[in-house]
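Sequence order for the protein chains is B and L. Going letter by letter, the first sequence gives residues 382 to 537 in my numbering. Going letter by letter, the second sequence gives residues 60 to 345 in my numbering.
Keep in mind that the hints were calculated from the coordinates and are not lab data. Heads up, some of the hints might be wrong.
Unchecked claim - Covered stretches of chain B, going by a simulated chain L footprint (3 or more residues, C-beta under 8 Å):
| hint | stretch |
| --- | --- |
| 1 | 385-394 |
| 2 | 422-433 |
| 3 | 446-456 |
| 4 | 459-465 |
| 5 | 484-490 |
| 6 | 499-509 |
| 7 | 512-523 |
Owing to the predicted nature of the structure, the values given are computational and were not obtained by experimental measurement. Glycine included, every Cβ here is placed at the ideal spot set by N, Cα and C.
Next come the chains, spelled out residue by residue.
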Amino acid sequence: MKKLDAETYLSRFKMLVIVGIIVMIGGRIGYGIPITHAVVGMIFCIIIGLAGFALRDLLPLKIPAIGYIMLIALILTMPYLATADFLLKYLGQSKINFLGTCTPVLAYAGISIGLTVIKLAKSGWKLILVAFVVFLGTFLGSAIIAQFVLKLLGEI
Amino acid sequence: MSEKKFIEKELTRTKGRWNRHLKLHITVLAVVIICELIGVHKFSVGPGFIVLLPLLYAVILTIIITPDVLGKVFKGLKRVVSMQECELAVPLVMISLVPLAVKYGTLVGPAVPIIIKAGPAFVLQEFGNLGTIFLALPIALLLGLKRECIGATVSICREPTLAVIGESYGLDSAEGRGFFGTYITGTVLGAIFFGLLGGFGIASGLHPLALAMACGVGSASMMTASSASLATVVPEMSDKILAFAATSNLLTGVTGMYMVIFIGLPLVNKLYSVLQPKIQKGGRAK
Numbered sequence: 382m383k384k385l386d387a388e389t390y391l392s393r394f395k396m397l398v399i400v401g402i403i404v405m406i407g408g409r410i411g412y413g414i415p416i417t418h419a420v421v422g423m424i425f426c427i428i429i430g431l432a433g434f435a436l437r438d439l440l441p442l443k444i445p446a447i448g449y450i451m452l453i454a455l456i457l458t459m460p461y462l463a464t465a466d467f468l469l470k471y472l473g474q475s476k477i478n479f480l481g482t483c484t485p486v487l488a489y490a491g492i493s494i495g496l497t498v499i500k501l502a503k504s505g506w507k508l509i510l511v512a513f514v515v516f517l518g519t520f521l522g523s524a525i526i527a528q529f530v531l532k533l534l535g536e537i
Numbered sequence: 060m061s062e063k064k065f066i067e068k069e070l071t072r073t074k075g076r077w078n079r080h081l082k083l084h085i086t087v088l089a090v091v092i093i094c095e096l097i098g099v100h101k102f103s104v105g106p107g108f109i110v111l112l113p114l115l116y117a118v119i120l121t122i123i124i125t126p127d128v129l130g131k132v133f134k135g136l137k138r139v140v141s142m143q144e145c146e147l148a149v150p151l152v153m154i155s156l157v158p159l160a161v162k163y164g165t166l167v168g169p170a171v172p173i174i175i176k177a178g179p180a181f182v183l184q185e186f187g188n189l190g191t192i193f194l195a196l197p198i199a200l201l202l203g204l205k206r207e208c209i210g211a212t213v214s215i216c217r218e219p220t221l222a223v224i225g226e227s228y229g230l231d232s233a234e235g236r237g238f239f240g241t242y243i244t245g246t247v248l249g250a251i252f253f254g255l256l257g258g259f260g261i262a263s264g265l266h267p268l269a270l271a272m273a274c275g276v277g278s279a280s281m282m283t284a285s286s287a288s289l290a291t292v293v294p295e296m297s298d299k300i301l302a303f304a305a306t307s308n309l310l311t312g313v314t315g316m317y318m319v320i321f322i323g324l325p326l327v328n329k330l331y332s333v334l335q336p337k338i339q340k341g342g343r344a345k
């Protein structure tokens, strides 16, 4: 059995509190959500987050912590479970806004890209071109499979 | 992996490092406040629209203030955001993804019954999302990109992929750069491009309902733009088109991250190792 390192988890907890405060301030400014409305939901976020890190560190599967974290939130808010109404009361869009949780992530991400920004600028136009092919790929891939299966099922 | 954890532990340690932490977190807080004050802006362009979101301003603004960009011009800026703050930001991306991932889970959790009812056609077309790899990886290799290909083509690179690439490679890696190319392009221009695809898609001869399912790519703005255009072109089926697109979009929301973890990432790495030496014969692999 693997062990969890107390110091790492204490750091993660501190960092989660800081991030939580930033998200709540952003939510107040951008989406008009009073911090007192968001704070319970944010505590749930931190608990689920630490649980996700623990699952990644303890289980032998190669799944990122974020995969566990999303899965925990997904399962707990399935309408079959009694936890769904309770959690959604504190984590709904009127308490913690989805877009608001994205802004700090991209701010940290932008700063971390600072380490590699010169290389990013070099391949910039190629990456934009590739992005459009990526969009075309997912659209055509899904459409072709859907066409085939719908035909097979006699639905079209 | 163990090496990475050691780095995270060293970097996020607060003892004797509060100064560094303060600079980074206060910079991020200031950026978040500015970006949220600017708010969401949306413009109609042709069949789609351009969406400007606070997260977009945040990534642009923070890239600009890093040492190799504006820090080169204004030396004083380096005293606040130096390369050391950039390093500390790497594990903080992963931490800050926690509220986002929880929110994402709570958005798709309530949709699980719809997905269970959706039927085999909906589930199977999810695998079509791997089309990004088959179509775009060879082209990215032809353009001379190296490991950037992995992040750029593994999926359409929405937030769940950000989490997976960030945790597997770090966003400061070549894979991370590739991811960001597709992510940013999609954020700014995705709705316009999908608006065009939805409108012109009918010329492919595929059935409107198959195209409607394809509109659900796992991004609300891209799905809205493409399905609205498609519904305009085929007005007699518009209700069904919008419903099919929305359902497929929800399904991608649930499966997207796991598709990347279990199929997309292994597949793109495998395909890269096979195709890279063949396509980039002249260029030496790094």
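Here is how each hint holds up against the structure:
Requiring three or more residues with a Cβ within less than 8 Å of a Cβ of chain L, the coverage given for the stretch 385-394 of chain B holds, as 5 such residues are present. Given as covered by chain L, the stretch 422-433 of chain B passes the check, having 7 residues with a CB less than 8 Å from a CB of that chain where 3 are the minimum. Look at the stretch 446-456 of chain B against chain L: 10 of its residues bring a Cβ nearer than 8 Å to a Cβ of that chain, three or more, so the hint holds. Counting residues of the stretch 459-465 of chain B whose beta-carbon sits less than 8 Å from any beta-carbon of chain L gives 4, enough to reach three: the coverage restraint holds.
Given a C-beta distance limit of less than 8 Å, the hint that chain L covers the stretch 484-490 of chain B holds, as 7 residues qualify and 3 suffice. Look at the stretch 499-509 of chain B against chain L: 8 of its residues bring a Cβ nearer than 8 Å to a Cβ of that chain, three or more, so the hint holds. Only when three residues or more bring their CB closer than 8 Å to a CB of chain L does the claim for the stretch 512-523 of chain B stand; here the count is 12, and the claim holds.
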